[in-house]
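Novice: Here is what each chain is made of, one letter per residue.
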Amino acid sequence: MSQAEAIYALWLREFKVFTREKSRIVSSIFTPMLWIFVFGGGLGSAINIGNVNYQIFIYPGILVMSVLFSSVFFGVYVIWDRKIDILKAILVAPLSRTTIFVGKVLGGCTDSMIQALIMLLVSFVLGIYLTVSSFLLAITILFLLALSLVSTGLIIGSLMESPEGFNMIISFLIFPLFFFSGALFPIDNLPIWLSFITYINPVTYGVDALRMAIIGVSQFPLYVDLIVLTGFAVVMFTIGTRSFERMK
Amino acid sequence: MDIAIKTINLTKKFKDITAVDDLNVEIKQGEIFGLLGPNGAGKTTTISMLCTILKPTAGSAQVNGYDILKEPEKVRRSIGIVFQQPSVDDILTGFENLRLHAMWYGVPKETREKRIDEVLELVGLQSRQKSLVKTYSGGMRRRLELARGLLHLPNVLFLDEPTLGLDPQTREHIWEYIEKMSREREMTIVLTTHYMEEADSLCDRVAIIDQGKIVVMDAPDSLKEKVGGDIVYLKTTAADTNKFREIKEVSKIEKKDDCIILTVKNAGEHLQEILEISGKVESVEVRSASLEDVFINYTGKEIRTETGEGGIVQRIIKERTVR
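Chains as they are written, first to last, in the working numbering: chain A, 1 to 248; chain B, 1 to 323.
One chain only, chain A, in its complex shape (with noise of 0.2 Å):
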């Protein structure tokens, strides 16, 4: 089958890339480790939210914003494949656009998902204590987040023209979608307007969801956070598709 020997060779490449830029890896992982022992450690020492320890309470958070940030940014990365060229000889090989986003968005999500394994283990240091159900259940959870995230980012870099745009992402994609997302605060008794945005943005559930799996508290049932999941990752991964058959 020769579409799917396709799809491995792009996700080879992905991968490829992925091990030889170590830096990109120890910076990713670097940023949510300050969070989780210096913002959470810190504030952890004076709060807790409800019974639970203020780094503890916002772990799983964090463990959310390392795929957010990973994910999307895999995706907006292909205007720089764009720039290098590389994209074109892609776009001129006999494959057809879905194929090419299904490897693009495995790539990106295996990316993503080697830094959330990584960032699993911490929760050894922190004394919290996976079972082997909790674990598969915060890894699909990081999983479908990373599908969609990866599929967001593409779409993004499918439609952006050049680099320049980058910085703007970060701000009015990536930071919002962390702090509305209550990765750092309990969402039960917010503001109203602060918890309309919280709700309707769909990370929101990922960091509910992998709070339950983790210490097992959350805001609501672990079905609901997956079916937004579930349908946060379709939607995105349709839209990705389509926007790759448009892309010139």
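Don't read these hints as lab results, they were simulated from the structure. If you're wondering where the values come from, they're calculated on a predicted model, not measured in any experiment. Just so you know, nobody snuck in bad clues.
Mimicking DSSO-like on lysine-lysine, the simulated pairs with C-alpha atoms at most 30 Å apart in a straight line are:
#: 1; chain 1: B; residue 1: K55; chain 2: A; residue 2: K83
#: 2; chain 1: B; residue 1: K114; chain 2: A; residue 2: K16
#: 3; chain 1: A; residue 1: K248; chain 2: B; residue 2: K13
#: 4; chain 1: B; residue 1: K15; chain 2: A; residue 2: K83
#: 5; chain 1: A; residue 1: K88; chain 2: B; residue 2: K134
#: 6; chain 1: A; residue 1: K88; chain 2: B; residue 2: K74
#: 7; chain 1: B; residue 1: K13; chain 2: A; residue 2: K88
#: 8; chain 1: A; residue 1: K88; chain 2: B; residue 2: K55
#: 9; chain 1: A; residue 1: K16; chain 2: B; residue 2: K109
#: 10; chain 1: A; residue 1: K88; chain 2: B; residue 2: K130
#: 11; chain 1: B; residue 1: K70; chain 2: A; residue 2: K83
Covered stretches of chain A, as calculated for chain B (at least 3 residues, CB under 8 Å):
#: 12; region: 13-21
#: 13; region: 75-88
#: 14; region: 91-98
The beta carbon of each residue, even a glycine, is placed where N, CA and C say it ideally should be.
Keeping the supplied structure of chain A fixed, place chain B upon it in accordance with the hints.
Specialist: Structure of chain B alone, referenced to chain A:
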């Protein structure tokens, strides 16, 4: 002979600029066909449409019998491309670049390694196949790109300025490979270049394009014949140019700065007469017509041979600033 490429009123417009204007060309299987013209003439745009990267505004084309609009994937499978800007992946090794390419083009697993070996040998990159491409020189990148273009044995190979910015030695090597491929495999080769000598020695036929239109198309030798003879440069300030009309072999007289440029059939035999008319000259130069002269002859301007890049954009800028 079979037709490899046929364009039918192929047209591409970018806003108010017509980059390719109603192009009708037939290229035979096994032919080396050159598209010549200045920057922004529409060469790259033409190739991009034939490779299905760009959609034509009007008209269509067939490549290897497939319609570029209706069967783009079949077109892409049957062609190889060497871009003006190398598009090999820096962070992969030469071998990896080729291996991924082979997988994208569905080169069967059994023959893959063998093909990769063959093309690496062809371009002389075996010893560096395990190095990352970012350590390659410009010439090596181009050779790798050429190897990649040949890997899946395409029927048609498109080469967009394949030797731009390369040193003469590497250029010569690349042309050797290309000629070899064309001879041994009956591969059709379509190339753009603005090195006129290169096109002259390599191409079976050339089309000179300017402003998106084919000005003239023929074998290089026939084109040069059409110029009407040899070119004689006379560096002098004195002579009355009209007097040269007395020699009937003189087909064209042009005055440029302190030079008189004559187009003369069998110039060698008439040099005596010419010099008698011109009187005292500072210097004389006689040479046979080149494609450059063909170009000047048909378009009334010199081909600009500075550097590549820019294309249509440069043309827009130029047209805005000049006129």
